Amino acid sequence: MRRIGLTAILASLLTIAAARADTIRIGAILPLTGPGALIGTQQMRGIQFAIDQANAKGGVHGNKIEVVFEDNQAKPDQSILSFNKLTDLEHLQVIFTAYSGPSLAMAPLATRKKVLLINAGAQADKLATASPYLINTLPTIGDEIAVITKYVTGEGKKKGVILFENDAAGISGRDDYLDAYPKAGGTVVAQEPTQFGQTDFRPALLKLADAKPDVMLVSITAALDNMAQQYKQLGLTFTVAGTTFFQDPDVIKDPAAEGFVHTQIRIEAPAELAAEFKQKFGVEMEFFVRQYYNASQIVMTAMDRLLTDGQPITGENMHDIIFKIRKFQGLIPLEFRTNTATVPLDINMMHDGKDVTIKKMSTD
Amino acid sequence: MLALQLLCNGLATGCALGVVAVTFSLVYSTTKLFHVAHAGVFTLGGYLAWSLTSRGAPFLLAFVVAIAVCAATGALIQALLYARLERRHATHLVILIASLGMLAVMQNIIAAVYTPNILQFTLPWASQVVAGGGSVRLTVIQVLIVAASVAAYGGLMWFAHHTILGKQMRAVASNPFLAEITRLRPRRVHVYVMAIASAVVSVPGVLVPVDLGLQPYNGVTPLLTATIAMIAGGVGSITGAFVLAIAIAELQNLSLLIIPGEWSIGITFFIFLIFMLFRPTGLFAAVR
Chain A
1 MRRIGLTAIL ASLLTIAAAR ADTIRIGAIL PLTGPGALIG TQQMRGIQFA
51 IDQANAKGGV HGNKIEVVFE DNQAKPDQSI LSFNKLTDLE HLQVIFTAYS
101 GPSLAMAPLA TRKKVLLINA GAQADKLATA SPYLINTLPT IGDEIAVITK
151 YVTGEGKKKG VILFENDAAG ISGRDDYLDA YPKAGGTVVA QEPTQFGQTD
201 FRPALLKLAD AKPDVMLVSI TAALDNMAQQ YKQLGLTFTV AGTTFFQDPD
251 VIKDPAAEGF VHTQIRIEAP AELAAEFKQK FGVEMEFFVR QYYNASQIVM
301 TAMDRLLTDG QPITGENMHD IIFKIRKFQG LIPLEFRTNT ATVPLDINMM
351 HDGKDVTIKK MSTD
Chain S
1 MLALQLLCNG LATGCALGVV AVTFSLVYST TKLFHVAHAG VFTLGGYLAW
51 SLTSRGAPFL LAFVVAIAVC AATGALIQAL LYARLERRHA THLVILIASL
101 GMLAVMQNII AAVYTPNILQ FTLPWASQVV AGGGSVRLTV IQVLIVAASV
151 AAYGGLMWFA HHTILGKQMR AVASNPFLAE ITRLRPRRVH VYVMAIASAV
201 VSVPGVLVPV DLGLQPYNGV TPLLTATIAM IAGGVGSITG AFVLAIAIAE
251 LQNLSLLIIP GEWSIGITFF IFLIFMLFRP TGLFAAVR
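Chains A and S are the protein sequences, given in the same order.
Residues 1 to 364 (the working numbering) make up the first sequence, in order.
Residues 1 to 288 (the working numbering) make up the second sequence, in order.
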């Protein structure tokens, strides 16, 4: 009888241990091929690096984490197929997302299925309200524009013109400037569109320069280097201001961009962590690697808290616990008062081929 | 002063477009083919020159190599694609579709070999500002584009009127049947025409990306404008295509003085639509 009792206890302990050592599976729908593959690969590496580190230390609450990656080629329709696959077939409750179009396409499904979407790469304003189950760990473009317009008007540059791309993202940025700049005390005196991918900015720059502005507020996502060179060639002297999109290494090292100012999400990796990443992947720990590494830390912190509280990991529970924890300290301190985190933002100025922080601000 | 600067920028853009229009017109008037893949040859020239200069080759050498390779590419497209289709009695619509396919293939290969992203030449001399009159500022490369384009246009006109091959080209364009029976060998002339047009279009194909950067798909818009210039200038008129391309570029630039930029392209082409209603044969139709 005693032997049977011991066996039963041992079996129970093994069952508990086995249950505790379950593998928690999460998803990531990212552009791993196509034009967005460069960024998508950085995002994938950020997640994988964070998960590998956690697993090497025993996982989350004794559970190993596994990520199922799906390639959406940055396409909304493909993203929906991937989302349905991960939720219906794989029964995943937490999924990383990127790019505004795909994230906005998946948002209604996330609401319906109560699956948590974590975005650490897209910045369209609509993402802020697209779904209660879409959590953004970086600010929207509108948040950044509110900060940069506050900065430039504070510097006395109150007569502004807007250069924007004539597409959804560019027009959204233009509208944000039209809203935020007057609120910050400035006046928009002219605006000129360009086409996405267009590299001849001279006519638009000349027309904007004719309005004799103090500052040109920019909402373009491509060919920024061409714009900088033509600005210099035309001998223009007004301030050029933008958002995190300005963080292009080719633009920063170009002398033509001397004096350009922009908001920059402050997210730095400690030297040891960056070195470990470089050793593992053979490349630098770029911006989107850091963003998704940070987002993975948030997800694992929330999971750990749920498991500690004895709650199952569901999209709904994950959503609630993130707002309960509210303040996270990963690579950057951030706080969730809404679905979009409040994060520290720097004002950077391009000077001597470097992007120098000249002021520390916040999206708050 | 804004108007003068816009005028000068329009001239540089228009001259480059003019060469595309002239070469496209040359191919069309001689072969009667709508050679859409011309946009691919235009793009190829820039990428070839970029490859060589980024590996340390002198720009002039890269320029010459790009012209030679583009000439060979044009000749091969004619000999291996269009001529074969014609021998099989393919209609012009079928050849147009083949040309579109060729363009897609070229663009995709370029995007795969290089990148779909914008590539820049690193030639500091090109972006240096040349002092113009008053406050007009033009870069070295813009001035070079104007000079090279005018030279290309002038050279092509001289070639067409003062060389035996040029006269053969005009004869084939004028009456292919007569050219055939008088042993002018139109098919061989077609290959020469394609080679010459491809070589000449690679002049702006190289110079424009030095100014504005390279993209795999950036040959299509110039070709569209060039096609309109060719039709509005009068099909078959080299001068008409060149002048109308400059006029379109100037209209697009100068229209900014009175209308917002987003209306510029629409209004420019609306003006041409009206123009074509009154003169459907084109401006220079009678002066060939």
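Because the hints were derived from the structure by calculation, they are not lab data.
Keep in mind it's a predicted model, so treat the numbers as computed, not measured.
Every residue gets a Cβ at the ideal spot worked out from N, C-alpha and C, and that includes glycine.
Some hints could be false.
As the list claims (entries may be wrong) - Derived lysine to aspartate or glutamate pairs resembling DMTMM-like cross-links, with alpha carbons at most 25 angstroms apart:
1. Lys232(A) / Glu250(S)
2. Lys167(S) / Glu180(S)
3. Lys232(A) / Glu180(S)
4. Lys159(A) / Glu262(S)
5. Lys150(A) / Asp248(A)
6. Lys212(A) / Glu262(S)
7. Lys57(A) / Glu272(A)
8. Lys75(A) / Glu90(A)
9. Lys212(A) / Glu250(S)
What the hints assert, rightly or not - Facing chain A, from chain S, some residues (calculated, C-beta under 10 angstroms):
10. His89
11. Ala90
12. Val113
13. Asn117
14. Leu212
15. Gly236
16. Thr239
What the hints assert, rightly or not - In silico negatives: residues of chain A with every beta carbon more than 12 angstroms from chain S:
17. His61
18. Arg202
19. Leu306
Against the structure, the hints:
1. Between Lys232(A) and Glu250(S) the alpha-carbon distance is near 23 angstroms, which keeps this suggested pair within the 25 angstroms criterion.
2. Note on Lys167(S) and Glu180(S): the hinted pairing holds, with a Cα-Cα distance of about 14 angstroms set against a maximum of 25 angstroms.
3. Between Lys232(A) and Glu180(S) the CA atoms are separated by roughly 56 angstroms; this puts the pair beyond 25 angstroms, and the hint is violated.
4. Taken as a hint, the Lys159(A) and Glu262(S) pair is honoured in the structure, with Cα atoms around 22 angstroms apart against an allowance of 25 angstroms.
5. This hinted pair checks out: Lys150(A) and Asp248(A) have alpha carbons roughly 23 angstroms apart, not beyond 25 angstroms.
6. At roughly 21 angstroms between alpha-carbon atoms, Lys212(A) and Glu262(S) fall within 25 angstroms of each other, so this suggested pair holds.
7. Taking the CA atoms of Lys57(A) and Glu272(A), the gap is near 17 angstroms; set against the 25 angstroms cutoff, the hint holds.
8. A threshold of 25 angstroms between alpha carbons decides the hint, and for Lys75(A) with Glu90(A) the separation of about 21 angstroms falls inside it, so the pair holds.
9. A C-alpha spacing of about 24 angstroms is found between Lys212(A) and Glu250(S), which places the hinted pair at or below 25 angstroms, so the restraint holds.
10. Of the supplied interface hints, the one on His89(S) is violated, with its beta-carbon coming no nearer than about 40 angstroms to a beta-carbon of chain A, more than 10 angstroms.
11. Among the interface hints, the one on Ala90(S) is violated; its C-beta lies about 34 angstroms from the nearest C-beta in chain A, farther than the 10 angstroms criterion.
12. The interface hint given for Val113(S) is broken, as the beta carbon of that residue sits about 15 angstroms from the closest beta carbon of chain A, more than 10 angstroms.
13. The interface hint given for Asn117(S) holds, since its Cβ lies 8 angstroms from the closest Cβ of chain A, which is under the 10 angstroms cut-off.
14. With a least beta-carbon distance of about 4 angstroms to chain A, the hint placing Leu212(S) at the interface is held under the 10 angstroms criterion.
15. Residue-level restraint check for Gly236(S) is violated (minimum Cβ-Cβ distance to chain A is 30 angstroms; threshold 10 angstroms).
16. For Thr239(S), the suggested interface contact is broken, since its CB lies about 25 angstroms from the closest CB of chain A, more than 10 angstroms.
17. Interface exclusion of His61(A) from chain S stands, the closest Cβ pair being 43 angstroms apart, more than 12 angstroms.
18. The Cβ of Arg202(A) sits about 5 angstroms from the closest Cβ of chain S, inside the 12 angstroms cut-off, so the non-interface label is violated.
19. Once the 12 angstroms rule is applied to beta carbons, Leu306(A) is consistent with being away from chain S; the minimum gap is 42 angstroms.
Taken one by one, the earlier hints fail for this structure at numbers 3, 10, 11, 12, 15, 16 and 18, listed in ascending order.
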